[in-house]
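Kindly produce the complete structure, drawing on both the sequences and the hints.
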Amino acid sequence: MITSEQRVSRLSAVGIALLGVALFVIPFLTSTTSLRQASQIIVSVLAVLGVNIATGYGGMISLGHGVFVGVGAFATGYYVSDLSLPWLVAIVLGAATAGVSGALVGLPALRIKGIHLALVTLGLAIVFRPLSKRFPSITGGVSGRSIEARFDAPGWWPGDGRMASSVYRYVFCVLVVLVALWATWNVVNSRFGRSMRALRDNDTAAAVYGVDLVAARVTTFALSAGLAGLCGALQVVLVPFVSQDKFPAQESLIIYASAVVGGLGTIWGSVLGVIARTVVGKVGSLAAGFDGLGPIGEFFSLLDEPAFVFGFGLILLTFLFPRGLAGIRRKDQPSQ
Amino acid sequence: MDYVLLLQRIFDALFNSAIYSSLALALVIIFRATGLLNFAQGEMATFTAYIAFVLLSGPQPRLTGGGLAGLVPGVPFSIPLAIIGAVVCGMAAGAATERALIRPLGGASDLALVNITIGLLLATNSLMAQWWGTGPRFFPSIFPTGAGQHFVILGARLRYSTVGVWAILLSVLVLLVLLLRHTRAGLAFRAVSISPSNAELVGVRVGPTLMYGWALASGFGALAACLSANSVLLEPSMMLRVLVYAFAAATLGGLDSPKGALVGGLIIGLSQTLIPAYVPFIGFELSVLPALLAMVVILLIRPAGLYGTKRIERV
Chain A
1 MITSEQRVSR LSAVGIALLG VALFVIPFLT STTSLRQASQ IIVSVLAVLG VNIATGYGGM
61 ISLGHGVFVG VGAFATGYYV SDLSLPWLVA IVLGAATAGV SGALVGLPAL RIKGIHLALV
121 TLGLAIVFRP LSKRFPSITG GVSGRSIEAR FDAPGWWPGD GRMASSVYRY VFCVLVVLVA
181 LWATWNVVNS RFGRSMRALR DNDTAAAVYG VDLVAARVTT FALSAGLAGL CGALQVVLVP
241 FVSQDKFPAQ ESLIIYASAV VGGLGTIWGS VLGVIARTVV GKVGSLAAGF DGLGPIGEFF
301 SLLDEPAFVF GFGLILLTFL FPRGLAGIRR KDQPSQ
Chain B
1 MDYVLLLQRI FDALFNSAIY SSLALALVII FRATGLLNFA QGEMATFTAY IAFVLLSGPQ
61 PRLTGGGLAG LVPGVPFSIP LAIIGAVVCG MAAGAATERA LIRPLGGASD LALVNITIGL
121 LLATNSLMAQ WWGTGPRFFP SIFPTGAGQH FVILGARLRY STVGVWAILL SVLVLLVLLL
181 RHTRAGLAFR AVSISPSNAE LVGVRVGPTL MYGWALASGF GALAACLSAN SVLLEPSMML
241 RVLVYAFAAA TLGGLDSPKG ALVGGLIIGL SQTLIPAYVP FIGFELSVLP ALLAMVVILL
301 IRPAGLYGTK RIERV
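The listed protein sequences derive, respectively, from chains A and B.
So for the first sequence, this note's numbering puts the first residue at 1; every next one is plus one.
So for the second sequence, this note's numbering puts the first residue at 1; every next one is plus one.
Treat the hints as calculated values from the structure; they're not laboratory data.
Note that the structure is a prediction, hence the values are computed from the model and not measured.
Yeah, the Cβ is synthetic: ideal placement off N, Cα and C, and Gly gets one too.
Don't take each hint at face value.
[Said to hold, decoys possible] Just the calculated beta-carbon pair ranges, DEER-fashion:
1) A/I138 to B/L175: 47 to 57 Å
2) A/R134 to B/L300: 46 to 56 Å
3) A/G155 to B/G135: 42 to 52 Å
4) A/S143 to B/L187: 51 to 61 Å
5) B/A147 to A/V100: 15 to 25 Å
6) A/R194 to B/F284: 44 to 54 Å
7) A/V14 to B/L293: 28 to 38 Å
8) A/V100 to B/P104: 41 to 51 Å
9) A/S285 to B/V297: 26 to 36 Å
10) B/G148 to A/R134: 33 to 43 Å
11) B/V177 to A/P136: 43 to 53 Å
12) B/P280 to A/F24: 49 to 59 Å
13) A/S143 to B/P280: 21 to 31 Å
[To be verified] Pairs of lysine to any residue, SDA-like flavour, derived with a Cα cap of 20 Å:
14) B/K259 to B/L176
15) A/K282 to A/Y168
16) A/K113 to B/A108
17) A/K246 to B/L286
18) A/K133 to B/P280
19) A/K282 to A/P130
20) A/K113 to B/K310
21) A/K133 to B/K259
22) A/K246 to A/T33
23) A/K133 to B/L158
24) A/K113 to B/L154
25) A/K113 to B/K259
26) A/K246 to A/K113
27) A/K246 to A/F135
28) A/K133 to B/R241
29) A/K113 to A/A207
30) A/K133 to B/V279
31) A/K246 to A/G281
32) A/K133 to B/P290
Structural data, given as structure tokens:
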């Protein structure tokens, strides 16, 4: 007899195999532009994973992770152009800067919980754009700034020209995302990961069992912000231009929505959330391209709007599958 | 220090104060009864402002987004009528939201409620962008706003629109108090706000009562949006910033205190104008920052705010 657990793991195996094939095939099929878009989609997994760590594992609702993506992007741009650091160092430092800013936000989260924390992080998401305009030397102010340094393929990389560099950036991003997913998997299944979940489910009980609440909360938030920051850093690798324009509050909310729709509390869920966002957007833009559909066409063009799809998806999934897309097949377990 | 300028700034701030107070009231009414912060309050209110806008303009396909033009009554409404129409639509939408999205969830977790309201926020926002475009639109003011339309008090100008918006807010408040104190539905609502389970035991129908509360709250939100759409310009995200101020006001006053919402709105509105004026770094656009910081500090130091009920947690 096949248990539900085995069925899920078999499904995951098929999914992982399909994803692997897709990731391998993509660079052979596309132009530099769509390869960049594919890379951007893959990179966005990290931001969603960041929300998942804070909200899904740590139980701290964060509606402001776009802020940490922004901090990571601005910081990386600053390190690589103003301080002329090598790319790899700049990326690591950029993610670390976002992590530190996350720890700072995590400090009030020690006392502010639940819905109030959601409120504060939403406020943060709204404040971020005007705030970043105040530091034009780093952020480029209203119009943004382009970063002179380019993340180009080194000499040993096969082929040359723009396409080779695009493939190089793509491979680099895919590898970083895979390593980050693997590392996160290890963290959430470690002793620290268990204390994180204990904190989410019952912080009093966790404290009784010896979990250091302050350290665990701040570390969780720093880790999750660091992942979002890494996403921002890789965005600069892909497009050497930073601007406050890319980080409206809606972006933070869409990242949050992707995490919830994909499924909180499983790493697989974050990948699913991004896939869902991509697939629905593609279907919408394809269908909206046809003329003469009348009101149906108008509906399809709404599908092209990630904000609408995820707003709607959030509501629908909360009723139908509270565990998100990743939890659809595990109905036998009680929802959290 | 230039006292006339200070007085002028205070007068200017009073208009925004009224807007923040009424949106904060909307948030407080719902929080008091259900313990839920309605993140979609601002977007729902903006939607009703667009309804008023459509009513004002009459049926023009360009404004109503193609398919909707047929639904609009033929004659363009006058401004007060359009606002009343928007408030009524807002109340109906609020009641419908409670019935369709909140009540079926029962007493679900914070996470589920946040998801629902954030989902509503995102969906409503992009729906408005789709139907009416993202560009700002001119929304006429219900009050005379021309160059000479003000009182002069001690050398500073107090605009008619500021006086008018406070007059509307206060008269609606009086109406609300009468409703809550002297009608059966109001009594039921107060009972449910204090304790839903006890109210249910003595025969109050909790569901419909909460629906009534949501309608009231959304009415306040709609009023705030319609009255402020002239000064902030009507666009899909116009209430997003206002929502931060309103949340700060509600937190400052105490999330479950209507009186607190009024006082909090007053203080936040004044600080929004006065802080940028005397602290150059903040500037007009960054005036959201002090509001956010105030919110964080209050939640850290005194989560009950000025007038809210202190919650005692037993561990």
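Now the hints, each set against the structure:
1. A/I138 to B/L175: 47 to 57 Å: Holds, since A/I138 and B/L175 (Cβ atoms, about 51 Å apart) stay within the stated range.
2. A/R134 to B/L300: 46 to 56 Å: violated, 24 Å
3. A/G155 to B/G135: 42 to 52 Å: Hint holds: Cβ distance 49 Å, inside 42 to 52 Å.
4. A/S143 to B/L187: 51 to 61 Å: holds, 57 Å
5. B/A147 to A/V100: 15 to 25 Å: violated, 51 Å
6. A/R194 to B/F284: 44 to 54 Å: holds, 48 Å
7. A/V14 to B/L293: 28 to 38 Å: Check failed, 50 Å falls outside 28 to 38 Å.
8. A/V100 to B/P104: 41 to 51 Å: holds, 42 Å
9. A/S285 to B/V297: 26 to 36 Å: violated, 45 Å
10. B/G148 to A/R134: 33 to 43 Å: holds, 37 Å
11. B/V177 to A/P136: 43 to 53 Å: Given about 49 Å between the Cβ atoms, the range holds.
12. B/P280 to A/F24: 49 to 59 Å: With a Cβ separation near 55 Å, B/P280 and A/F24 satisfy 49 to 59 Å, so the hint holds.
13. A/S143 to B/P280: 21 to 31 Å: holds, 22 Å
14. B/K259 to B/L176: Distance ~12 Å between B/K259 and B/L176 Cα, so the pair holds.
15. A/K282 to A/Y168: violated, 25 Å
16. A/K113 to B/A108: Distance of about 16 Å is within 20 Å: holds.
17. A/K246 to B/L286: holds, 18 Å
18. A/K133 to B/P280: holds, 14 Å
19. A/K282 to A/P130: violated, 32 Å
20. A/K113 to B/K310: holds, 15 Å
21. A/K133 to B/K259: Judged against 20 Å, a Cα distance of about 36 Å means the pair is violated.
22. A/K246 to A/T33: holds, 18 Å
23. A/K133 to B/L158: violated, 33 Å
24. A/K113 to B/L154: violated, 47 Å
25. A/K113 to B/K259: Between A/K113 and B/K259 the Cα gap is close to 24 Å, so the pair fails against 20 Å, i.e. violated.
26. A/K246 to A/K113: violated, 28 Å
27. A/K246 to A/F135: Roughly 16 Å between the alpha carbons, so the hint for A/K246 and A/F135 holds.
28. A/K133 to B/R241: Within the cut-off at roughly 16 Å; holds.
29. A/K113 to A/A207: The hint holds at about 16 Å.
30. A/K133 to B/V279: holds, 17 Å
31. A/K246 to A/G281: holds, 18 Å
32. A/K133 to B/P290: holds, 16 Å
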